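Colleague: Sequence:
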Amino acid sequence: MTTFQNQVAAEATIAEQTWTAALGAVNEEIADCFERREPRAVVREMTEAMLMELDTRNCWTLAEALGHRGPHRLQHLLSRAAVDHDLARDRIAAWAAGELADPDAVLIVDEKSSTNCVGAARQYSGALGGIGLCQVAVHLTYAGRHGHAPIDRALYLGAEWAADEERRLLTGVPDDVVFATKPQLAGALLARTRDLGIKARRLAGDEGYGGKELRRTARALGFVYALAVRTDHRVDTAIGRLTVTQLAARVPRKNWMRLRTGHGLKGDRHYDWAMLDIHPDDTSDGHRPGHATVLVRRHRYTRELSFYRCHSATPVTLADLVDVVCCRWRVEEDFQTSKGVCGLDQGQTTCWNSWMRWTLISLLAAAVLAVIRARTTTATTTGSELVPASGRELLRLLRITALPRPRRARDHLLHWSAWRRHHQYQAAEAHRRWNNITATATT
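In terms of UniProt numbering, the sequence shown opens at residue 1 and continues consecutively.
Among the clues, some could well be false.
Pairs of lysine to aspartate or glutamate, EDC-like flavour, derived with a Cα cap of 20 Å [to be verified]:
#1 K339 / D102
#2 K339 / D104
#3 K254 / D277
#4 K212 / E165
#5 K199 / D55
#6 K212 / D232
#7 K339 / E38
#8 K339 / D285
#9 K254 / D272
By construction, these hints were calculated from the structure, which means they are not laboratory data.
Being a predicted model, the structure only gives us computed values, none of them experimental.
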């Protein structure tokens, strides 16, 4: 046990050194995105505070943990400070992808919802599994053999929301932001990675992104894709037009291949796979047809089927496509980290700028954590009897070594208790006065 503790102590030391270097490097990358040094310093403070051990993360709780006397500096950064958050987004994405560089990296598109205000409407959300009042954003993750991290996001504005001039004005939505479907937003995120020179040649996504429009965009950008499709998705084959379910029913028993799709704490995970040639339906003018296939995954025991439409310019093996499909689950890990550790959906932001900047800082914290995990794992890879440190386990080490601890002085806590209660009293009084005015106006 002493040997194991010594190894963990070495990991903690490496993580502490890497944290200082990585956070300093990424802040240098975005230094010219700020007109003044004060907002730049606040971004660094907020990045550290996002990873502190806090029950909730918003401007009030972060400011209290940092030792500020009020949330005003953080609120100013999110809403009014002169910050080019789009340029900062690009710099952070390029930095994270460069640190985790892998020529066979996979870009993964997915969506998640929250209850923040700008863009919130009654709409479908895969995270909710139905329709609810929520805010939906499309996210992009970079996944390679060295690690994975979220690198971009785009807020989805429904058609009704995008056309509402009053709501756009109240929340500060820029005039050049127009209605776009989620696959169109995903296509824009992918195009931006190409503009930034991010090297990733493979793409994965769930059923919401398996339509022809995004597949055509992916091919134009040079991606090998493996995108999930629904069970009633129709494809053109040498024997006619069939649903993928009908196509899977024709697979001979000997053509199924069992492959390992991952390794968990309980052992390896295996599924049965089949790959079937189809005719591509997303070939643009001037492009060669390439190689289009349907990948079918079958559960070993329940026989439940999942389907993926795939394409590559050159022939690829079944194992290569399975590897792309299996990478898609890394985006779920990134969502868990971004939400549970980095406060991605806790910001209580109501306007466009504040949402963009809050999510930017959350993604920055998640990217730094991913880079530290990759460097620490690489530096300590030996024949140890310890599993590699997870992101949360690594964060525990950082909280006792590199991260500042939340302020817990008695006078400071008393000050914040008084500040919160007075602010809440003022808010309640404002609501009461407004209700009296509206009640009088209607009588």
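Colleague: Each of the hints needs a verdict: does it hold here or not?
Modeller: Cross-check of the supplied hints:
1. K339 / D102: 26 Å, violated
2. K339 / D104: 27 Å, violated
3. K254 / D277: 17 Å, holds
4. K212 / E165: 31 Å, violated
5. K199 / D55: Since the Cα atoms of K199 and D55 sit roughly 37 Å apart, the hinted pair is violated (cutoff 20 Å).
6. K212 / D232: 15 Å, holds
7. K339 / E38: With a Cα-Cα distance of about 27 Å, the restraint between K339 and E38 is violated, given a limit of 20 Å.
8. K339 / D285: Violated, at about 42 Å.
9. K254 / D272: 11 Å, holds
Violation of the numbered hints given earlier is confined to hints 1, 2, 4, 5, 7 and 8; the remaining hints are satisfied by the structure.
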